[in-house]
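Chains as they are written, first to last, in this note's numbering: chain H, 58 to 596; chain D, 58 to 596.
These are computed hints drawn from the structure, not numbers from a lab.
Predicted model, so just to flag it, every value in this text is computed and none were measured.
Misleading hints may appear alongside valid ones.
[Said to hold, decoys possible] A partial selection of chain H residues facing chain D, derived with a Cβ cut-off under 8 Å:
id, residue
1, SER239
2, LYS266
3, THR267
4, SER375
5, ARG396
6, ALA421
7, VAL465
8, GLU471
9, ASN477
10, ASN556
11, ALA559
12, GLY583
13, ARG587
Even for Gly, the Cβ is constructed at its ideal location relative to N, Cα and C.
Given next are the chains, with one letter for each unit.
Number of protein chains: 2
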Amino acid sequence: MAGNEAKGRVLPPGISSRDFERALRDFAGAIGDEWVVRAEEKLAEYRDPFAFASADPGEFASAAAVKPSSVEEIQAILKIANQYKIPLWTISRGKNLGYGGPAPRVSGSVTLDLGRMNRIIEVSEEFCHAVVEPGVTFFDLYEYIRERKLKVWISVPALGWGSVIGNALDRGIGYTPYGDHSEKICGMEVVLANGDVIRTGMGALSRGKTWQAFKPGYGPSMDGLFMQSNMGVVTKAGVWLMPEPDLFVPCDVRFERESDLEQIVDITARLRREDIIQNTAVLSNAVRLISRRGSRRKWFDGEGVVPRDVVKKALDESGLGAWNLTFAIYGPEKLANARLKIAQNAYAAIPGARLSSRKWDVKAEKPGALTASMGPDSVQAGIPSLVALEVLKYRGEDGGHIGFSPVVAPSGREAVKLANLVGARCHEHGFDYYGGFSFGARHLYSVMMILYDKASEEHKVQAHRLCERLVVEAGQMGFGEYRAHVAYMDLICEQYDFNNHALRRFAETLKDAVDPNGILSPGKQGIWPRAMRPTRKAT
Amino acid sequence: MAGNEAKGRVLPPGISSRDFERALRDFAGAIGDEWVVRAEEKLAEYRDPFAFASADPGEFASAAAVKPSSVEEIQAILKIANQYKIPLWTISRGKNLGYGGPAPRVSGSVTLDLGRMNRIIEVSEEFCHAVVEPGVTFFDLYEYIRERKLKVWISVPALGWGSVIGNALDRGIGYTPYGDHSEKICGMEVVLANGDVIRTGMGALSRGKTWQAFKPGYGPSMDGLFMQSNMGVVTKAGVWLMPEPDLFVPCDVRFERESDLEQIVDITARLRREDIIQNTAVLSNAVRLISRRGSRRKWFDGEGVVPRDVVKKALDESGLGAWNLTFAIYGPEKLANARLKIAQNAYAAIPGARLSSRKWDVKAEKPGALTASMGPDSVQAGIPSLVALEVLKYRGEDGGHIGFSPVVAPSGREAVKLANLVGARCHEHGFDYYGGFSFGARHLYSVMMILYDKASEEHKVQAHRLCERLVVEAGQMGFGEYRAHVAYMDLICEQYDFNNHALRRFAETLKDAVDPNGILSPGKQGIWPRAMRPTRKAT
């Protein structure tokens with residue numbers, strides 16, 4: 058949806074320049090002038106950092122941003138937004154790289170930036186949970202725990218700069234046994250569009266002590282309703298933390314042949330289901346492996362897809378296989394040893410598979426030493442970093458990426474089917490197939506990044522075409538995304554078509570009931586308020 | 058809410074006898090006359106089998122029952138109910154013993170009995186899941202798996218006669234590592250009040266294969282909304298099953314002193330959090346232990362509370378301690394041994410604690426042999442039974458019970474606080490304190506049954522008073538129930554009071570949006586449709 062514009066300025070849809078000025082004054086009155094962002098150069102920070110699909114400069118652009126510091130200020134903002142019918146796009150830290158970052162679905166939205174609400178309200182070592190506000194980053198929470206030497210571990214995604222709550226709400230994943238971040242949320246505080254404040258689960262019991270202990274509460278559970286959602290503004294959440302394990306045993310398994318994929322997936326899915334592998338195991342293909350070594354230019358200076366023999370040579374030079382699996386084992390020594398042995402035996406069924414492991418005695422090590430010496434294993438220990446940004450140098454000096462992330466059944470056959478589709482389409486559009494699979498408890502996330510050179514318009518156009526094609530073709534084969542860039546939210550939602558989109562119909566019925574003016578993040582994940590439904594992106 | 062009555066017949070609220078006759082004819086036309094239950098003696102089956110709080114014979118009574126065999130028939134029923142504004146009370150098997158059984162919250166509801174929809178649609182040994190309809194009982198699913206010798210285990214609650222789906226929707230618990238039944242539901246099919254059919258999660262992707270693999274889906278997750286809820290009629294659900302373990306090692310720990318409670322809870326909660334104990338550990342107090350031996354008359358022939366010295370004697374005679382903990386260990390031998398060792402060491406910190414364990418080689422045993430020889434351990438192996446009914450003989454020939462089930466933080470101090478309250482109030486009202494705690498992953502369920510003699514009106518009145526008092530007093534101390542008898546649904550909901558009952562307000566906003574005529578299970582868990590809100594039970 059391209060924006061309403063006046064004098065080159067993006068405005069909320071259907072709002073006159075004059076009314077918008079009034080609204081901005083009201084926002085300033087409510088939260089202080091310095092917390093209303095309207096200068097264009099500052100608003101640039103609220104756009105997709107990858108400037109993806111930006112042929113239209115008005116697309117996915119904010120008209121302003123407001124930065125409240127409290128629930129009361131959010132309530133005041135909501136009141137004004139309801140009055141003027143101005144859409145707000147809620148972000149926590151706005152770090153959603155590959156999925157549009159902070160960019161709003163509807164151009165001219167006012168970004169509701171919760172970054173200032175960054176209190177760590179509680180970390181309980183006894184009960185292994187934290188209560189945080191949306192502005193708290195993984196780095197913040199990690200440092201807080203480290204400073205106090207608390208015996209709990211957090212789980213972090215590949216990049217540690219994002220919001221603990223924001224990442225969980227978008228169903229981000231990390232790489233410890235607590236890596237299913239939305240699953241580890243226990244209890245929320247939510248401001249509704251009408252300004253009412255609810256606490257979910259046991260938080261509704263005002264004198265209770267179980268808000269972070271028992272997720273469902275009494276009656277219907279509401280937490281799920283606020284995930285990937287525009288039904289409310291989450292202002293606090295409980296997060297379960299992992300008790301510090303005795304041992305941490307990161308493992309790699311190197312596989313020789315591309316054709317090992319089916320067997321690798323079947324074995325790993327079984328080990329996950331049987332709780333032998335406890336964390337989000339990550340399987341990477343060749344391009345993903347070599348991309349960690351920086352720009353592909355050191356192997357290939359041409360355009361288009363890196364030839365197979367060059368990939369093979371790069372792998373050999375780096376001592377890598379056609380697939381590489383990483384996972385880790387956590388816990389008391391005897392259990393860890395037993396798990397390791399079972400995993401070793403399981404992968405020995407694949408000719409040429411080589412498992413290597415490191416053993417860290419967590420209780421014996423000084424935490425600082427552990428962190429520093431762990432290298433790439435650190436993400437599996439919940440240590441936040443920004444190392445994963447390196448991959449952006451793979452293609453072009455100034456690279457971007459889009460995430461294409463369908464869910465796959467935990468079956469080798471299904472993984473092969475998806476990998477074949479993605480590989481073929483990547484090559485047709487001139488991209489290397491950077492991919493693999495992350496293993497959830499009962500499913501795989503297909504990991505696939507379209508890495509492109511931001512300096513090349515042709516690259517951007519092709520990346521966009523490739524992504525659209527993949528969403529639709531994978532959808533036709535029964536693979537649906539678990540997460541979406543703002544540019545594809547509608548298209549992805551479109552694939553979820555059972556009974557003529559009955560689930561979307563239901564979600565939009567709820568949306569209209571709880572946000573009749575449609576002010577909260579319209580279009581998020583393809584859910585639109587009544588008045589804006591005609592603008593849904595047609596397929 | 059007492060019923061509308063005509064000629065001694067219970068009618069739906071606000072519906073004339075004539076209109077009701079018409080509606081029944083319409084129901085019969087839609088699903089066949091033999092599936093509309095109206096004879097009073099047959100309707101008795103839809104009442105609380107414990108006839109609890111039945112001073113008013115019109116309370117919690119159905120006006121009729123309808124028994125559809127398909128989604129299409131449910132849709133036809135909903136259409137008629139919407140037309141006449143007749144409330145329907147949905148049950149799966151109606152076995153919700155201690156919580157009202159099949160009895161409706163609103164007298165004069167028509168019971169929507171899904172018992173005929175009892176197809177086991179799929180059991181996948183490869184992916185360890187089942188897809189079932191609401192009429193499928195634990196016995197059904199267990200037999201289906203056993204007959205086909207599939208290497209998967211189900212989890213069952215204390216009584217196996219109930220519905221797999223119904224129990225999970227009411228957040229029932231079982232005693233394997235998959236014992237948090239609502240947590241193991243993955244994907245639902247739901248008929249909404251307007252007849253629309255949705256599939257949640259990945260089920261919305263009509264060509265997909267991940268409906269039972271990935272719970273959240275894309276956009277807001279809806280499954281939680283249909284738990285303990287009146288937002289829709291669940292007609293299918295995916296259920297995760299446990300891969301058959303190599304070893305099954307049930308354990309008992311006997312503790313000498315009542316005052317061990319705090320330490321027992323702290324240790325067990327930690328072992329659960331650290332995943333050393335994998336299943337729902339159950340801690341039982343003295344009365345609960347002796348109640349398994351049948352009527353209390355063999356030790357005590359008086360009225361009122363069994364004296365402490367008699368309890369002590371009964372324990373000694375039976376070789377029992379003041380507290381007894383049961384849990385089990387599952388998995389490959391080396392892991393099981395390591396877990397057992399850690400648990401043994403942990404409980405050794407409590408003077409006099411004695412841990413005993415049995416070891417079953419599941420792969421080696423013939424399943425039949427395993428089942429038959431396991432005795433009381435069988436529930437921890439997911440084998441359904443009705444043995445737990447024995448406890449009803451404890452007080453009177455024909456006993457009843459009410460479950461009072463608050464959630465407690467995983468802390469010894471909190472458990473002691475609750476046990477003291479419950480024990481004192483039980484004794485004040487002339488009941489033995491039958492209780493203990495079940496250990497969820499991060500919380501305790503306080504288990505407490507008010508066991509009474511159905512033949513004694515005085516018992517029933519006292520049981521009712523005790524329960525009301527406990528709900529309110531525990532609520533004031535911050536303990537809220539996770540589940541409710543129909544008679545206490547409002548009172549319990551009342552305790553969840555944050556921000557003047559904002560969560561209830563929110564749930565009722567959703568309710569009005571998805572069921573504007575308020576036909577689905579009005580009052581379920583204290584959530585009422587707009588028109589009936591004035592009848593909410595005042596506190």
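Results for each hint:
1. SER239: 6 Å, holds
2. LYS266: Since the shortest Cβ distance to chain D is 5 Å, the answer is holds.
3. THR267: 5 Å, holds
4. SER375: Nearest chain D Cβ about 33 Å off; hint violated.
5. ARG396: 7 Å, holds
6. ALA421: Violated: closest Cβ of chain D sits about 18 Å from ALA421/H, beyond 8 Å.
7. VAL465: 7 Å, holds
8. GLU471: For GLU471/H, the interface hint holds, since the closest Cβ of chain D sits about 6 Å away, which is under 8 Å.
9. ASN477: 16 Å, violated
10. ASN556: 5 Å, holds
11. ALA559: 4 Å, holds
12. GLY583: 7 Å, holds
13. ARG587: 12 Å, violated
In terms of the numbered hints stated before, the structure departs from hints 4, 6, 9, 13, listed from lowest to highest.
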